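K.L.:
Below, each chain spelled out in residue letters.
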Amino acid sequence: MEQLKTIGRELAMGSQGVWGSSKEFLELVKTIGEAKSKAEEERIVLAEIESLKRRIQEPDVPRKKMKEYIMRLVYVEMLGHDASFGYIHAVKMTHDDNLLLKRSGYLAVTLFLNEDHDLIILIINTIQKDLKSDNYLVCCAALTAVCRLINEETIPAVLPQIVELLNHQKELVRKKAVMALHRFFQRSPSTVSHLFPAFQERLCDRDPSVMSAVLCALYDMILVNVKPFKHLVASLVSILKQAVEHRLPKSYDYHRTPAPFVQIKLLKILALLGTGDKAASENMFNVLGDILKRSDSTSNIGNAILYECVRTLTSIYTNPRLLQNAAEITAKFLKSDSHNLKYMGIDALGRLIKITPECAENHQLAVIDCLEDPDDTLKRKTLDLLYKMTKANNVEVIVERMVEYIRNISDNHYKTEISSRVIELAERYAPSNQWFIQTMNQVFEIAGDLVPQKVAHDLMRLIAEGAGEEDEDADSHLRSSAVQAYLQILKEPKLPSILLQVISWVLGEYGIADGSHSAEFIIGKLCDIVATRPGDDKLKGYVVSAITKICAFEKAAGQTVDLIPECVSFIEELYASHSTDLQQRVYEFHAVLKLDRDTLASILPMDASCEDIEVDKDLSFLNSFVESALANGSRPYLSDNERRGMGAMTTLASNNDAGTSSLLRFQPYEKPSIPEPAAALVTASHYSQDAIDQHDIYSSAITVSTSSKAPESSSNDGTRLKLEGVQKKWGRPTYTPEAQVPKNPINISDSVKVSSSAAGKEASSRNSSAPPYTERKQPPQEISAEKKKLAASLFGSKAGDTKAKPAAKLQQNGTSKKAPAKPTSPPPPAPAPPPADLLDLSDSLPQTPSVDPVDQLADLISVDSSAATSTTSLVEQVFDAGKVATKGPSPQASLQKDAVSRQVGVTPSGGTNPDLFKDLFG
Amino acid sequence: MIDAVLVMNTQGKPRLAKFYKSLSPVKQQEIVRKVYSGLSSRAEHFCNFVEADEIFGARTKLVYKHFATLYFVFVIDSGESELGILDLIQVFVETLDSIFKNVCELDIVFNFNKVNTVLDEIVMGGQVVETNSTEIVKSVQEIFK
Numbered sequence: 002m003e004q005l006k007t008i009g010r011e012l013a014m015g016s017q018g019v020w021g022s023s024k025e026f027l028e029l030v031k032t033i034g035e036a037k038s039k040a041e042e043e044r045i046v047l048a049e050i051e052s053l054k055r056r057i058q059e060p061d062v063p064r065k066k067m068k069e070y071i072m073r074l075v076y077v078e079m080l081g082h083d084a085s086f087g088y089i090h091a092v093k094m095t096h097d098d099n100l101l102l103k104r105s106g107y108l109a110v111t112l113f114l115n116e117d118h119d120l121i122i123l124i125i126n127t128i129q130k131d132l133k134s135d136n137y138l139v140c141c142a143a144l145t146a147v148c149r150l151i152n153e154e155t156i157p158a159v160l161p162q163i164v165e166l167l168n169h170q171k172e173l174v175r176k177k178a179v180m181a182l183h184r185f186f187q188r189s190p191s192t193v194s195h196l197f198p199a200f201q202e203r204l205c206d207r208d209p210s211v212m213s214a215v216l217c218a219l220y221d222m223i224l225v226n227v228k229p230f231k232h233l234v235a236s237l238v239s240i241l242k243q244a245v246e247h248r249l250p251k252s253y254d255y256h257r258t259p260a261p262f263v264q265i266k267l268l269k270i271l272a273l274l275g276t277g278d279k280a281a282s283e284n285m286f287n288v289l290g291d292i293l294k295r296s297d298s299t300s301n302i303g304n305a306i307l308y309e310c311v312r313t314l315t316s317i318y319t320n321p322r323l324l325q326n327a328a329e330i331t332a333k334f335l336k337s338d339s340h341n342l343k344y345m346g347i348d349a350l351g352r353l354i355k356i357t358p359e360c361a362e363n364h365q366l367a368v369i370d371c372l373e374d375p376d377d378t379l380k381r382k383t384l385d386l387l388y389k390m391t392k393a394n395n396v397e398v399i400v401e402r403m404v405e406y407i408r409n410i411s412d413n414h415y416k417t418e419i420s421s422r423v424i425e426l427a428e429r430y431a432p433s434n435q436w437f438i439q440t441m442n443q444v445f446e447i448a449g450d451l452v453p454q455k456v457a458h459d460l461m462r463l464i465a466e467g468a469g470e471e472d473e474d475a476d477s478h479l480r481s482s483a484v485q486a487y488l489q490i491l492k493e494p495k496l497p498s499i500l501l502q503v504i505s506w507v508l509g510e511y512g513i514a515d516g517s518h519s520a521e522f523i524i525g526k527l528c529d530i531v532a533t534r535p536g537d538d539k540l541k542g543y544v545v546s547a548i549t550k551i552c553a554f555e556k557a558a559g560q561t562v563d564l565i566p567e568c569v570s571f572i573e574e575l576y577a578s579h580s581t582d583l584q585q586r587v588y589e590f591h592a593v594l595k596l597d598r599d600t601l602a603s604i605l606p607m608d609a610s611c612e613d614i615e616v617d618k619d620l621s622f623l624n625s626f627v628e629s630a631l632a633n634g635s636r637p638y639l640s641d642n643e644r645r646g647m648g649a650m651t652t653l654a655s656n657n658d659a660g661t662s663s664l665l666r667f668q669p670y671e672k673p674s675i676p677e678p679a680a681a682l683v684t685a686s687h688y689s690q691d692a693i694d695q696h697d698i699y700s701s702a703i704t705v706s707t708s709s710k711a712p713e714s715s716s717n718d719g720t721r722l723k724l725e726g727v728q729k730k731w732g733r734p735t736y737t738p739e740a741q742v743p744k745n746p747i748n749i750s751d752s753v754k755v756s757s758s759a760a761g762k763e764a765s766s767r768n769s770s771a772p773p774y775t776e777r778k779q780p781p782q783e784i785s786a787e788k789k790k791l792a793a794s795l796f797g798s799k800a801g802d803t804k805a806k807p808a809a810k811l812q813q814n815g816t817s818k819k820a821p822a823k824p825t826s827p828p829p830p831a832p833a834p835p836p837a838d839l840l841d842l843s844d845s846l847p848q849t850p851s852v853d854p855v856d857q858l859a860d861l862i863s864v865d866s867s868a869a870t871s872t873t874s875l876v877e878q879v880f881d882a883g884k885v886a887t888k889g890p891s892p893q894a895s896l897q898k899d900a901v902s903r904q905v906g907v908t909p910s911g912g913t914n915p916d917l918f919k920d921l922f923g
Numbered sequence: 543m544i545d546a547v548l549v550m551n552t553q554g555k556p557r558l559a560k561f562y563k564s565l566s567p568v569k570q571q572e573i574v575r576k577v578y579s580g581l582s583s584r585a586e587h588f589c590n591f592v593e594a595d596e597i598f599g600a601r602t603k604l605v606y607k608h609f610a611t612l613y614f615v616f617v618i619d620s621g622e623s624e625l626g627i628l629d630l631i632q633v634f635v636e637t638l639d640s641i642f643k644n645v646c647e648l649d650i651v652f653n654f655n656k657v658n659t660v661l662d663e664i665v666m667g668g669q670v671v672e673t674n675s676t677e678i679v680k681s682v683q684e685i686f687k
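Protein chains in written order, with my numbering: chain A, 2 to 923; chain B, 543 to 687.
No wet-lab data here; the hints were simulated from the structure. All of these numbers come straight from a predicted model, not from anything done at the bench.
Result set (DSBU-like, lysine-lysine): computed pairs, CA atoms no more than 35 Å apart in a straight line:
1) A/Lys380 with B/Lys563
2) B/Lys643 with A/Lys93
3) A/Lys231 with A/Lys355
4) B/Lys576 with B/Lys560
5) A/Lys66 with A/Lys54
6) B/Lys680 with A/Lys171
7) A/Lys93 with A/Lys130
8) B/Lys607 with B/Lys656
9) A/Lys336 with A/Lys294
10) A/Lys416 with B/Lys607
11) A/Lys24 with B/Lys569
12) A/Lys294 with A/Lys389
13) B/Lys563 with A/Lys37
14) A/Lys380 with B/Lys576
To give a feel for the contact side, a few chain A residues facing chain B, derived at Cβ under 8 Å:
15) Asn115
16) His183
17) Ile302
Glycine residues also receive a C-beta, built at the ideal position from the N, C-alpha and C atoms.
Whole structure, please, built from the sequences with the hints as guidance.
P.N.:
Structure representation (structure tokens):
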């Protein structure tokens with residue numbers, strides 16, 4: 002009866018639009034389409050939502066009408082509005098017996114809900130029921146929904162039914178069941194790992210479409226782990242062979258190409274299986290050759306197969322003959338007019354040059370064309386290729402190209418990515434420091450705050466350290482040119498903070514070093530820097546320190562410094578800064594100004610930012626102090642754990658000193674001897690000048706802060722603060738084996754606090770609680786030796802091994818010119834093959850591991866360019882020099898050659914060189 | 543794998559948006575916007591691929607085709623062939639054409655349900671299940687019989 006009523010109402014409604022939807026929906030779409038503004042559209046959609054909300058909740062909405070409402074909700078949500086009030090109705094619709102309504106319900110649910118939505122639980126039951134349905138269309142609908150709605154937790158609820166469906170009589174159902182299981186594998190591989198055999202069985206399904214579905218799953222599984230599927234190579238190759246030879250049913254053809262999608266998937270799988278596996282690869286050579294021969298290069302899909310084939314050939318064990326064919330196909334792609342094929346060509350070339358670097362030469366023009374193309378995708382892909390083929394001899398041109406590219410894009414994502422590549426290439430292949438600094442400046446200028454801080458620190462270190470050779474002249478030239486460059490850059494508006502930091506540091510350190518700029522001028526510039534970015538505290542810190550250094554240098558040189566008014570007001574302002582760091586820096590600044598000349602020269606020496614800071618671990622400068630303290634009746638120092646570990650012993654031992662230790666000492670401690678600046682790791686916050694020599698405090702405080710301003714000291718191996726001993730001394734339960742002599746209990750931190758009597762008390766009370774020093778030192782020493790042994794056996798290396806690391810790291814500092822090509826020297830044809838394959842040279846490219854293939858390439862190219870016309874002399878020179886630099890026997894010689902080549906590069910003698918690619922390719 | 547299939551008109555209005563990864567509605571809207579702004583500036587002869595690392599994560603690409611007032615966009619990862627997907631879009635459109643007889647934008651708007659069914663027959667859970675246009679038409683007609 003109820004049903005009859007509904008049918009009646011539906012008939013009465015009868016006002017269906019042309020497209021089977023109601024007029025209202027038509028009207029809605031039309032008004033939205035005609036909406037003149039976003040706001041108007043918003044208004045229309047909101048009104049629609051209101052009316053749907055009302056209507057959907059009416060009792061007894063006819064099912065067909067409900068379906069339309071739900072479709073309208075889907076539409077509304079697609080436009081970006083919330084339709085969650087209707088979700089439950091979509092869920093209800095999946096329970097419907099009518100297939101179309103059920104499908105609509107499933108469709109809406111898959112679009113509305115993601116797999117973790119609460120309502121999913123209401124659908125599981127329906128899905129389970131539908132999977133068992135006799136109607137295969139219902140099964141299919143449920144399987145489609147399963148792909149979207151089932152999450153890891155609910156997989157077990159439906160898994161058995163789906164496995165059963167693998168043997169369903171309809172191939173459509175089998176196919177979709179495979180897909181659903183594949184989806185489960187993506188979600189949670191462990192749930193279906195026991196089904197691998199079932200998958201492989203489906204590979205031999207009598208219907209090829211099921212087989213092709215299995216291929217998709219297989220690809221993902223092999224991607225995760227190749228091993229369990231190695232045995233499939235032969236069968237996959239035979240499937241591919243059948244496909245290529247047109248032995249699959251005609252219905253798999255696409256534009257007369259036999260089963261192209263199956264071919265592509267198989268090629269992708271074979272690429273994975275053949276990687277580094279000679280035996281497997283040899284199985285494939287035949288069929289791959291066949292594909293290259295048969296594929297039709299005039300249709301899009303034919304080219305898709307050809308490209309995939311090239312890709313496979315470049316991943317599997319190499320076959321010179323087929324690679325030759327692959328190179329020809331790549332050439333064809335590159336020469337094509339179609340941007341799509343060019344794109345694929347560039348990609349293929351990128352893969353080819355990993356194996357045969359020399360093939361890039363043939364395509365110089367095509368590559369340049371792509372680089373200049375207005376199509377951004379193509380350009381980016383080409384930059385990608387250039388990045389892969391960067392060598393010492395072409396780094397300048399490529400980096401220039403990249404910098405030019407990032408200058409013109411606004412997309413931060415790519416800006417970050419490409420600038421990090423520029424930095425990487427510059428660090429690896431920089432022909433000279435000068436160039437490196439220039440490049441970095443450009444990157445900072447363009448990408449600014451997208452660049453990581455570390456790069457700025459590396460740059461400062463490079464400027465400070467120079468070439469790393471003992472050539473002071475070159476270094477100071479480098480610095481003054483850096484100063485010059487920065488003064489130039491400062492004229493531009495809106496520089497990023499990170500670049501300004503670098504500039505401040507360099508100006509502070511070297512601004513007046515070569516005498517061409519006065520201190521007033523530099524300080525003025527520094528004040529200008531601050532004025533451009535008023536809220537930047539970090540930058541202010543850099544600037545204050547820079548000003549401090551300049552004033553100190555000037556005074557140390559015997560000149561008087563008159564601070565310009567801007568500077569004075571800037572400093573005054575900072576006394577009241579919210580940042581305690583800034584306050585501290587200005588206080589230091591004032592204290593420094595009061596110091597005499599000699600002190601200044603020793604605490605802020607000129608050009609000493611990369612001198613090693615010698616830390617006197619034993620605090621030997623305190624020895625005399627210790628001795629006199631001991632003579633005055635103090636007790637020798639015991640480390641913390643000794644003190645604790647010997648609780649039992651104290652009763653006996655403490656008798657000796659009971660008299661002294663129980664008494665407080667009221668006479669002041671002796672004045673400490675002058676500590677070496679470096680040794681003082683005192684926090685710089687002690688300003689109690691009354692009790693201690695002013696000189697000491699400031700030397701320590703300033704040294705600490707300068708070292709923090711010169712970040713190179715923290716990251717470089719050699720110049721790091723040597724904290725080990727000191728830390729152990731003051732850290733809680735550690736123990737320093739080297740400390741043979743008991744250290745003075747009143748160590749530096751005490752000596753600084755000496756003015757306050759509380760500190761004195763504390764020190765002496767520490768003494769009193771401390772048990773006397775005995776020879777109980779031995780046990781801990783043994784432990785540490787044991788620990789070392791354990792560590793060595795656990796990690797399989799000795800402590801000494803760690804030394805290898807810094808050396809490797811040093812190579813990346815931009816100063817590494819000695820072996821620039823090494824890091825990217827092309828991998829052996831088969832990446833990571835089993836050793837036996839590597840040794841077997843019988844059937845592959847001649848492998849000469851002893852000769853660097855890059856050098857070979859370099860030789861090849863240089864021959865080419867010398868054969869070219871005289872207009873390319875510039876290139877030749879640059880290139881030859883570059884080559885020598887790569888292979889130079891002594892670093893010194895290569896450096897000289899390098900300088901020559903730089904000069905040539907900077908002041909070109911001949912006419913302008915129109916052939917860009919000559920630069921690129923030699 | 544195919545991460546998403548989008549159909550939008552040349553004004554940037556989505557006509558079909560199917561995601562094969564779980565994404566919040568807000569994120570989906572954002573993606574539709576970004577994809578549109580990425581495509582609308584491209585000239586006709588440019589290549590049909592756009593790298594979409596920023597929108598969809600590393601190594602993803604948009605493969606798109608422009609028909610009359612509509613963009614058909616497939617978002618794929620490195621497991622799919624770009625050129626192959628281009629032909630798959632062709633299959634999709636050919637199928638729609640034979641189902642709706644000269645398909646136009648309004649057909650897609652009003653037959654949301656049917657268009658989704660067609661797509662479900664071609665792509666399932668992010669994988670291509672069927673590439674033959676006649677087969678797809680057959681199974682869709684079976685469903686709507």
